[in-house]
Every structure is written in C-alpha cells, then in structure tokens.
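Trainee: Put chains B and C on the given structure of chain A with help from the hints.
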Amino acid sequence: MIPLSYFLILSIILFVLGAIGFFIKRDLITQFMTVEIMLNAANLAFITFAKSAGSLDGQVIVFFIITVAAAEAAVGLAIILLVYRQKKTIKSEDIKLMKG
Amino acid sequence: MTEIFWLIPFIPALSTLILAVFGQKLPKKYVSFQACFAVFASFVISVISLIGLLQAGHEHSTIVKNLFSWIHAGSFKADLSLQLDPLSAVMALVVTGVGFLIHVYSVGYMAEDKGYTRYFTYMNLFTFAMLVLVMASNIVLMFVGWEGVGLCSYLLIGFWFEKHSAANAGKKAFIVNRIGDAAFLLGIFFIFIHIGSGEFRAINEAIGGGEITQSLATLIAILLFVGAVGKSAQIPLYVWLPDAMEGPTPVSALIHAATMVTAGVYMVSRMNILFTFSISAGHIVAVVGAVTAVFAATMALTQNDIKRVLAYSTISQIGYMFIGCGVGAYAAGMFHLYTHAFFKSLLFLAAGSVMHALSGELNMQKMGGLRKYLPLTYPTFLIGAIAIAGIPFLSGFFSKDAILTSAFASGQYFVWGLGIFGAVLTAFYMFRLIFLTFYGKERLEPEAKKHLHESPPVMTIPLVLLAFFSVIAGYVGLPVVFGKKLDFFGRFLEPVIEHAHEVHLTLGTEWMLILISVAVAVTGIYIAWVFYIKNPQTPHNLVARFPGLYKLLYNKYYVDEIYNTLFVNSTIKGSEVVYDHFDLKVIDGAVNGSASATNFFGKVLSYIQTGLIKDYALIFLLGAILLLGYLLF
Amino acid sequence: MAHILFFLLAIICIGSVLGMIISKDQAYNALFLIVAFACMGGLFALLDAPFIAAVQIIIYAGAIMILFIFVVMMINLRTGIGPEKKKWTLYFAFLVAGVLIIELVLTLKGALKPISSASMDKIGSPTDLGRLLFTKYLYPFEITSILIIAALVGAIVLVKKRDKE
Numbered sequence: 001m002i003p004l005s006y007f008l009i010l011s012i013i014l015f016v017l018g019a020i021g022f023f024i025k026r027d028l029i030t031q032f033m034t035v036e037i038m039l040n041a042a043n044l045a046f047i048t049f050a051k052s053a054g055s056l057d058g059q060v061i062v063f064f065i066i067t068v069a070a071a072e073a074a075v076g077l078a079i080i081l082l083v084y085r086q087k088k089t090i091k092s093e094d095i096k097l098m099k100g
Numbered sequence: 101m102t103e104i105f106w107l108i109p110f111i112p113a114l115s116t117l118i119l120a121v122f123g124q125k126l127p128k129k130y131v132s133f134q135a136c137f138a139v140f141a142s143f144v145i146s147v148i149s150l151i152g153l154l155q156a157g158h159e160h161s162t163i164v165k166n167l168f169s170w171i172h173a174g175s176f177k178a179d180l181s182l183q184l185d186p187l188s189a190v191m192a193l194v195v196t197g198v199g200f201l202i203h204v205y206s207v208g209y210m211a212e213d214k215g216y217t218r219y220f221t222y223m224n225l226f227t228f229a230m231l232v233l234v235m236a237s238n239i240v241l242m243f244v245g246w247e248g249v250g251l252c253s254y255l256l257i258g259f260w261f262e263k264h265s266a267a268n269a270g271k272k273a274f275i276v277n278r279i280g281d282a283a284f285l286l287g288i289f290f291i292f293i294h295i296g297s298g299e300f301r302a303i304n305e306a307i308g309g310g311e312i313t314q315s316l317a318t319l320i321a322i323l324l325f326v327g328a329v330g331k332s333a334q335i336p337l338y339v340w341l342p343d344a345m346e347g348p349t350p351v352s353a354l355i356h357a358a359t360m361v362t363a364g365v366y367m368v369s370r371m372n373i374l375f376t377f378s379i380s381a382g383h384i385v386a387v388v389g390a391v392t393a394v395f396a397a398t399m400a401l402t403q404n405d406i407k408r409v410l411a412y413s414t415i416s417q418i419g420y421m422f423i424g425c426g427v428g429a430y431a432a433g434m435f436h437l438y439t440h441a442f443f444k445s446l447l448f449l450a451a452g453s454v455m456h457a458l459s460g461e462l463n464m465q466k467m468g469g470l471r472k473y474l475p476l477t478y479p480t481f482l483i484g485a486i487a488i489a490g491i492p493f494l495s496g497f498f499s500k501d502a503i504l505t506s507a508f509a510s511g512q513y514f515v516w517g518l519g520i521f522g523a524v525l526t527a528f529y530m531f532r533l534i535f536l537t538f539y540g541k542e543r544l545e546p547e548a549k550k551h552l553h554e555s556p557p558v559m560t561i562p563l564v565l566l567a568f569f570s571v572i573a574g575y576v577g578l579p580v581v582f583g584k585k586l587d588f589f590g591r592f593l594e595p596v597i598e599h600a601h602e603v604h605l606t607l608g609t610e611w612m613l614i615l616i617s618v619a620v621a622v623t624g625i626y627i628a629w630v631f632y633i634k635n636p637q638t639p640h641n642l643v644a645r646f647p648g649l650y651k652l653l654y655n656k657y658y659v660d661e662i663y664n665t666l667f668v669n670s671t672i673k674g675s676e677v678v679y680d681h682f683d684l685k686v687i688d689g690a691v692n693g694s695a696s697a698t699n700f701f702g703k704v705l706s707y708i709q710t711g712l713i714k715d716y717a718l719i720f721l722l723g724a725i726l727l728l729g730y731l732l733f
Numbered sequence: 734m735a736h737i738l739f740f741l742l743a744i745i746c747i748g749s750v751l752g753m754i755i756s757k758d759q760a761y762n763a764l765f766l767i768v769a770f771a772c773m774g775g776l777f778a779l780l781d782a783p784f785i786a787a788v789q790i791i792i793y794a795g796a797i798m799i800l801f802i803f804v805v806m807m808i809n810l811r812t813g814i815g816p817e818k819k820k821w822t823l824y825f826a827f828l829v830a831g832v833l834i835i836e837l838v839l840t841l842k843g844a845l846k847p848i849s850s851a852s853m854d855k856i857g858s859p860t861d862l863g864r865l866l867f868t869k870y871l872y873p874f875e876i877t878s879i880l881i882i883a884a885l886v887g888a889i890v891l892v893k894k895r896d897k898e
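Protein chains in written order, with my numbering: chain A, 1 to 100; chain B, 101 to 733; chain C, 734 to 898.
Chain A on its own, in the form it takes in the complex (with noise of 0.2 Å):
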C-alpha cells in the first residue's frame, strides 16, 4: 500500500503552511482559517498512527478533535465579529488593547 510516512510528511508540511499563513497573513479570519489547516494537519497524522498501530482510538480521537474544532469556530467567529462591531476593523494589528 502507500508507505504511511507519505502522509506524514504531507501531513508535516500543511502544518508548517498553517503556520507560515498565520504570520503572514493580516487580517484575523484569513488567520483563523490557517489555524484549522493546521488543526487538520494533526488529523491527518492521527489517522496514520491509527493505521499503523492498528486500533480505533486515533479516530476516536479525531473525531472529538472534529467536534471540538466546530464549537471553538462558531465561538471564535462570533467574537470576531464582535471586535468587528467595537473596532469597525479586522486587522489584527490594529487590536492591541493587551499591549504592556
């Protein structure tokens, strides 16, 4: 079959574009979008590890990865929203209300 480190390094190199996206990238959506690429990167890799050691739990546990990456986007999207209605911007270097 397909030699599973094919996936892997497949897997290693959406993640590094996730995160190359996340810093170049300028406006808070587009960044939110990297991070599930990179969410989905680890997926990837826990379904090869659960073909190769040959048990269920790697899906079980994307599953749940699934599950969880859905309700932290729905909240996520939500305050980005909000920040759009207080700052009328989504720039992301424009939020710096933390800075200090």
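Warning: the hint list may mix true and false statements.
[What the hints assert, rightly or not] Simulated restraints on C-beta separations:
1) C:M807 - A:E93: 33 to 39 Å
2) B:N692 - C:V890: 37 to 43 Å
3) C:I744 - A:V83: 34 to 40 Å
4) C:L885 - A:E93: 28 to 34 Å
5) A:F64 - C:K757: 30 to 36 Å
6) C:G795 - A:V83: 43 to 49 Å
7) C:K757 - A:I95: 16 to 22 Å
8) B:N692 - C:D758: 54 to 60 Å
9) A:E93 - C:I755: 15 to 21 Å
10) C:M807 - B:N692: 36 to 42 Å
11) A:T89 - C:F827: 23 to 29 Å
12) A:E93 - C:I879: 19 to 25 Å
13) C:M734 - A:V83: 21 to 27 Å
14) C:V890 - A:I95: 29 to 35 Å
For the record, the hints were derived by calculation from the structure and aren't laboratory data.
Don't be surprised by glycine CBs; every beta carbon is placed ideally from N, CA and C.
Mentor: Using the frame of chain A, we list chains B and C on its own:
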C-alpha cells in the same frame, strides 16, 4: 520530708506566670499577697527539706531528682534535675528567707509606684531563677539560672527605665556580666569535653578519680572563676555594682547584697573539689578576693551616696568570701555568705527606710542627727553596722574571724594581712556612715525635714527580724577555739565540702588572731568617731592635706573612665564603622539591589507584551520548537 | 491506483492551501479551504477511515466553512487585506518554518512500525467507532456534548444585539 524539695523553685515560677499574664487586672492587695506568699511557701518547704536532711544523716545527704530530660544530643546530656544537699539547702534557705522579708518590705516601699505589679513579677522571677541556680544538679542548668538572675538584675536595675541613668546602669550590668558568662561557658565546654558530663557528682568523681590533669583543672577553674568575678563583682568586673544602685532599694538588698552577687561564691563552693585540686586556682581566688576586699573598701571611704557606700561594702565583703574559698575554707566562705545576707540586706533596707523618711534623699551630707526621728530604723541600722564591723557576739564576727583564721592557718600571710587591713577600713566606713546619718548637726533639706516620718510597720518589721538574725545567726558556727563540736555549720556542710586542709593552730595563736580581729574593728570605729563626732573638722583637714589622694578615691580610681576609653568607646566606634560600611552598603545594598534588579527585568520583559496576537503566537511556536528540540536531543 | 489517487489529492490539497495563503480576498480564501478539506476527506478514506472521512466533509467542509462564509459576508469588506508588507517578518516566518520542518522530520525517524497484516483488516466502520465511543471514551463523549451546548449558548449570547444600546 525531702521528697517535695523540687517544688521550691516552682512555686515562685507559678506566681511569676500568674502575675505576668493576669497581673494588670488583679487588685494590688492580692498581688502583694501572692508574691510574698509564694516566697514564703518556698521558705517553708526549704525548712522542711532541711529538717529532712538533718534527719537523714551523712550517708544520704545528697538527693537528686531528675524532673525532665531536657537536652540529649549524642553524648551531650543536660537534664532539668534538681539536687538537695547541705549546700543547696543552706542557699535555698537564705534566698527564700531573706527574700521573703524583702518582699514584705517592698510592699511598703513600692506602695506608691505605678509599676507595682511589674516589680513583683520580676522579683518572683528572680527568686525562681536564683533557686534554679542553687538547686541545679548539673552545671548547664546552673548556667540557666545564672543567666536568669542576670536578666532579672537587668530588668530590676532598669526598673525605672524612663530615667536614663537607670536604663544605662541596667545595660552596663548585663554587658559586664556577659563578659564573665562567656568565660563561664568556655569552662562548661571544657568540662564537657574532658569529663563528659555536667552533673556535679560526675565532675567530682572524675576529679577524685584523677581523670584530669593539674593544668586542665586550673584552666577550667580559672574560666569558671572569671564568670564568678563578673557575677559577684570582683576586680576587674565590679564596675556594674555601684551603678546598680539606680534600682529600687529592696532590689539592691535582695539581688546585690544577699543573693545574686553571692552566686559566684556558691559556684566556687559547689566546685570545691575542682578548686582544691588545682592549687594555683585557689591562690588566685584568694588573692583576687583579698585585693578586691581592700580596693573596694578604700573606695567606700569617700562616697557620699549612702547606697554606694553599701555597694562598695558588698564588693569588699564578697572579696572576703572568696578569700575563705581560696584558702580552702569553703565552709567559712559560705558561712560569711550566710551571715552577710542578713546584715547586708538589713543595712540596705534600713538605708531605704532612711531614704523613704527623707522623701528620697540619698546624699549623706544632707543628713545628720536623724536618730531621734527614726526610733526603729536607727537601732536596726546600728546593729547591722556593728555586725559587719566584726564586733564580737554578733554574726559578722564569727564568720569574718573564721575566714581570717583559715587564711592565717594556711600560711597565706599576705592575704591575711590584706584581710585585716580591710577590716579596719570596713569598720571605719560603716561607722562614718552611721555618724554622718544619725548623729551630729542636722544638715537636712527643709522640704525633707517637713515630711520626716518613721516608716510603716510593713517596712520596719522586716528590719527588726533581720536585725535579730544578724545577731544570732552566727551562733551556728562557733569558732574552733570553743571546740570543734560547736561548728554546726561547718559540720553540716561536710558531706559536700571536704575538709581538705586540717589546720592545726595552737590555741594560743587562735586566741591571738581573734583578739587582733576585734582590735582592728574597734580601732576602725574609734577613728570614725574621732573624725566625725569628736573633731568634725578632721576630714576637711585631711582632704586639704592630701587632695590628690582624695580625688583618686572619690573618683573610684577613674576605673570607669579607663574602661570607657579602652573598651566601650572603641567598641562603639567600631560598630559605627561597621554600620556605615557593611550594614548600609552591603546589606541594604543587597536588598535594594534585588528590588531594582527585579524592576529592571520587569521592564525588559514588558517589551515582549506587544498586544498583537501574532507575536504571542510566534512565541508559542518558538516555545514548541524549543521543546521539541529538547525532546529530540 | 491508490498511489495515483494519493498524489492527486495531495497536490490539490497543497495547492489550495497555497492559494489560500496567497490570495487576498477572504471569500476566495474560504473557497480554497473548502477544496482543501474535501481533499483531506479523501485522504482519510484512503487511510481506511470512511466514517471519519464522511464526518470531515459533512462537518468541516460543510458546517464550519459555511459559518466562515457567513461571517465573511456579514463583514463585507470590499477591498481585500493583503499579506504582510514588511519583509523581515516574511523571512522570519520562513526561517521558523524551515526549522519546524527539519525538527518534525527528525521526529519521524523510527516512529512508524511496519504495517502488520492484521491491521489491514481494521477499517474504521461506524460500528466499531461507536462501540469505542460508548465504552472506552464515554466520558469525553458526554463532556464534548456539554462543550457543544456551551459553545452554542456562548455564540448566541455573545452576538446578540443589546437592547439598551
């Protein structure tokens, strides 16, 4: 009868505790009652224990009761254990008996004082500490009592602490004592290193068994004696005692006449086997005692403060006690301690009564002719003076004579000579005091004369009782000339104090010595009479002829000033230097420095907190990378 | 056959992620992400996890991305926001990325056991997953449901328009 002896220190201790915790809320009458009763109860138990000892006879004369296992550190053992034997019984009786009378006197003397409860708390605490000192069965517990009485001395000397002179006097007493205590501690250390135990019985056995060398014994003895020099105010550590007169007069009577200052003598007597074994130590003790006796007596000749005369007299008399111990006649030394307790406290209390009558005046030059106004104080004072001068049939005669005879008999003629000279001086200055105070022209301040009154019975009854004992106390130790059997005191102490030197003087020599003692006493009194009654101008003429000598004596040989320049000021300057360079710069610098360093780091770290999510995320990632790197490698 | 499928899916995935990073428009970003998620689902199916693949597509590519698109539409930015202008942040990001890749690759050395034949038969069917969920992972399951309720309530409460304003 002797089973309850261990209660003796603890009844005053309990009283102290109650007074310390609740004292402010208790009525004054109750405080007086409790304080006096506590000491009286201890006195009663001491008497009972004494009777029990007398009945038990020589073989069972040492009873030890281990109350509490206090320190057990490897081979170092010190327990809370009390010992009842003839020596400690005598001391306990003196402390509690005289202490009780002084407590009663204080009820009258301190009646107006606002620190009344505090005073009795400290007095009871002192009684407890002193009893622990005399009844301890090992040297460590004795040292605890030693320090305890030092503390109480400080507290009571500086009782009126708002007065600068009193506070300084208390400080001086404590610090000078400390010097002695340092040597004492060293002595204790050496004892533990070479003998292994602090129990007195063990020490005596070790010395008797020949386990330590002459030089070691001498070293330990000298170190312990330095401690005694500090506590008992001998040369060179006597300077605190005259200043200690800043305290209330009953305090001077109890602590600085009858009990605390005699602790050194007690200690030497307790360690008599050590001091006998080391021959040089005995010599040193006797010589120091003799020189102090004369030195202090010369200073007493010119003082005008009535209490200071008595203070120097105390230093001198303790010198006599050390003479007795130094020549091997420990029983004689203890005998003088016992009689001295009576007449010296009597003298102090009577002086207090005079001061009370004159509303606090203590300058003898402002007294005179008081004998018609103080019908009870004057006779008791006179009895005390006669006793201390060594006139026959009163107690002082018997004890002083015992000491001087032993000194002569052991061949130390120099010591004996100094003792005789001291006796002349003693008689002279005591009667100078009597004549200046009670006879002659009245030189009173008009204010004082208006309020002149005899003291209340609560003060005069102890005086009468003490006078009574000053007369009869000597009869328990009659001189050897009357037959050895009549020396009850010496025989009683035999189990504890070995009669090392069996002195054999011919009867003729003995009688001769007695006559010489009496003669010098009478001479002293006669000279005083000439100076102050017959020819009152004589003192002035003498001062005019020898102004330098008078100044030297009046200024106490400038010893205080010498000490100040040599030791005190240099220490103060030294500590100021240390303060400036070390305390302020190093210690404060370190503390402040760590504060400013923390400040600095905080400022630096605050640059990381930019408020931007990206930067925080970057730090997360960097952290994760570092962690991963660490796990990989 | 499987290899070709794998490479196809992988390249499309990476390509859409790259596109998402480069593009300035948020709506395009969202669409690119949907493509990426769909490919991920395919990859999951290749790895014998059909149930998870289905869940991925339904929930991730379906529900979550719809949420994103809703928000993008609500915010309604006419002009896109470009990526970082400052060059040094770019270089720094690439540097960090490079380090990360190296580290992660190193981690993989010896991390994979050779595939045993027994595992070939294990397919993540709903039955087996369900059995696991309701026995071994019961607590996380229940707690996750509470989490979802909390998120639901939280999202609604947060975004409600205050009447008094």
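Trainee: Could you run down the list of hints and mark each one as holding or not?
Mentor: Results of checking the hints against the structure:
no., hint, result
1, C:M807 - A:E93: 33 to 39 Å, "violated (22 Å)"
2, B:N692 - C:V890: 37 to 43 Å, "violated (51 Å)"
3, C:I744 - A:V83: 34 to 40 Å, "holds (36 Å)"
4, C:L885 - A:E93: 28 to 34 Å, "holds (31 Å)"
5, A:F64 - C:K757: 30 to 36 Å, "holds (34 Å)"
6, C:G795 - A:V83: 43 to 49 Å, "violated (26 Å)"
7, C:K757 - A:I95: 16 to 22 Å, "holds (20 Å)"
8, B:N692 - C:D758: 54 to 60 Å, "holds (59 Å)"
9, A:E93 - C:I755: 15 to 21 Å, "holds (20 Å)"
10, C:M807 - B:N692: 36 to 42 Å, "violated (57 Å)"
11, A:T89 - C:F827: 23 to 29 Å, "holds (27 Å)"
12, A:E93 - C:I879: 19 to 25 Å, "violated (36 Å)"
13, C:M734 - A:V83: 21 to 27 Å, "violated (48 Å)"
14, C:V890 - A:I95: 29 to 35 Å, "violated (21 Å)"
Going through the hint list in order, the structure does not satisfy hints 1, 2, 6, 10, 12, 13, 14.
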